[in-house]
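*Asks:* Sequence:
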Amino acid sequence: MSLLQKIKSVFGSSTLEKQKYSSIDKINQENKKFTLTEETKVVDGHVLHRIKALRTIERDDGIIKKKALGGFVESYDNLGKDDKSWVFDEACVYGDAEVFGNAGVWNSARVFEEAHICENVQIKDNAKVYGNAYIGDDAQILGNVNVYDWAIVDSDAKVSENAQIYGNALVSSDSSVRGNARIYDYASISEEAQVYGEAQIYGNVWIEGNAKVYGNAKVYEKAYVGDDTEVYENAEVYGYTEVKDNRVICGNEKVNEPLKEDDEPLNQKYEMTDEVIIVDGHELHRIKALKDFVREDKEGRESHIHTGDFGGFIEKEDNLGVDDLSWVYDDACVYGECLVFEQAAVWNHAMVYGRAMVDENAKIMDNAKVYGYASVSDNAKIYGNARIYDCARVSDDAEICEYATVCHNELVYRGIIGGEEYAC
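Using our numbering, the final residue of the sequence shown is 441, and nothing's skipped along the way.
Derived from the structure by calculation, the hints contain no laboratory data.
Source: prediction; values computed, not measured.
Don't be surprised by glycine CBs; every beta carbon is placed ideally from N, CA and C.
One thing to keep in mind: the hints can contain errors.
Straight-line distance between alpha carbons at most 25 Å, and here's what the computed SDA-like set of lysine to any residue pairs gives [what the hints assert, rightly or not]: (1) Lys261 / Asp173; (2) Lys49 / Asp106; (3) Lys69 / Trp123; (4) Lys271 / Tyr249; (5) Lys286 / Tyr249; (6) Lys333 / Tyr388; (7) Lys333 / Glu377.
Listed next, with one range per pair, are the computed distances between beta-carbon atoms [to be verified]: (8) Pro275 / Asp99: 46 to 56 Å; (9) Lys261 / Glu419: 45 to 55 Å; (10) Asn251 / Glu419: 37 to 47 Å; (11) Asp348 / Asn263: 24 to 34 Å; (12) Glu334 / Glu56: 43 to 53 Å; (13) Arg431 / Glu215: 43 to 53 Å; (14) Asn384 / Gly62: 35 to 45 Å; (15) Asp191 / Asn161: 18 to 28 Å.
Based on the sequences and whatever the hints tell you, model everything.
*Replies:* Next comes the structure, spelled out in structure tokens:
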């Protein structure tokens, strides 16, 4: 499986039945879902209020009746105002954290700082989600779990017991992390992989394809473990090693199998030059093509990138696909923990940053910005001074232009949104 397929398997896609377009100001002024009561408590120096439903809310897991009491939030901005999200029991949401969509927070769980919880997520028990963590797509966070920093858990993944997910780690695609396992740095767990026991996964590691890592095992640096492989007891897999095909690594075995000289080298599409600019405190390098390839231009016509051609600016190799047709042109900037890959491209003075994903044949142009946890895919076009951010998704043949904004948890998959219209 190629690196691009692995990345895509982690993030996946989702659908909504319809689009909702509404003014941000109107949403803030016409909250008819819940109110803050006078019952308060102080958590980490924040004054939280118990919430009360102003209308009946029909969630997928049950009905919240009008006037029913919920958990605690610090402000109206912590909970979606026109959706089915809810805070239950003694759970707390505070700081700049957001819970929206059909998400729920139960028991004594806490969501705080700048964490984003959306879609059909369940946060329960004594779990804590904080930092800039993002939980979406039917994920479950249970037990005494901690998810923080820039970690992402989505696509039906389940994290339970005493597991910790942090750094820039990704847990997705029906994967399970439990026990006292720790997933951190840029590690990715996907495709029904299981990590449990005292296992530690860190570095730029990929664990996928029903692989199991457990016991006191460690997988680190830039290793890949897949295809029903098991790593357990005190075993270690590290370096540029790739283990798959039902392999079993156990005991005190240490596996470091670097690429052979005749193996295909990585990162051959472009190199980062010494031309540097600073954007938002990030050091970006202009890229230069290392081989010829053909891709589409802005209008969908055939366009040639030649060896030696200069492109736009990226912060690191993790920002741009290495063996596909993606490209950054002109003075466009791509930085942070975002990724542009497959046949996607960024032109002019456009910017992609944060944890945004731009893939398939998506095009970002002019002075447009895509950031936060936003995703732009398929044949979508973002141009003019448009802004796509939060957990918004733009896909299919949608076009967002002029000064339009798509944000929060919205999906736009058709039509053109322009002017100063909001889809949030």
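*Asks:* Quick one: which hint numbers does this structure break? Sort them smallest to largest.
*Replies:* Hints 5, 10 and 11 not satisfied by this model.
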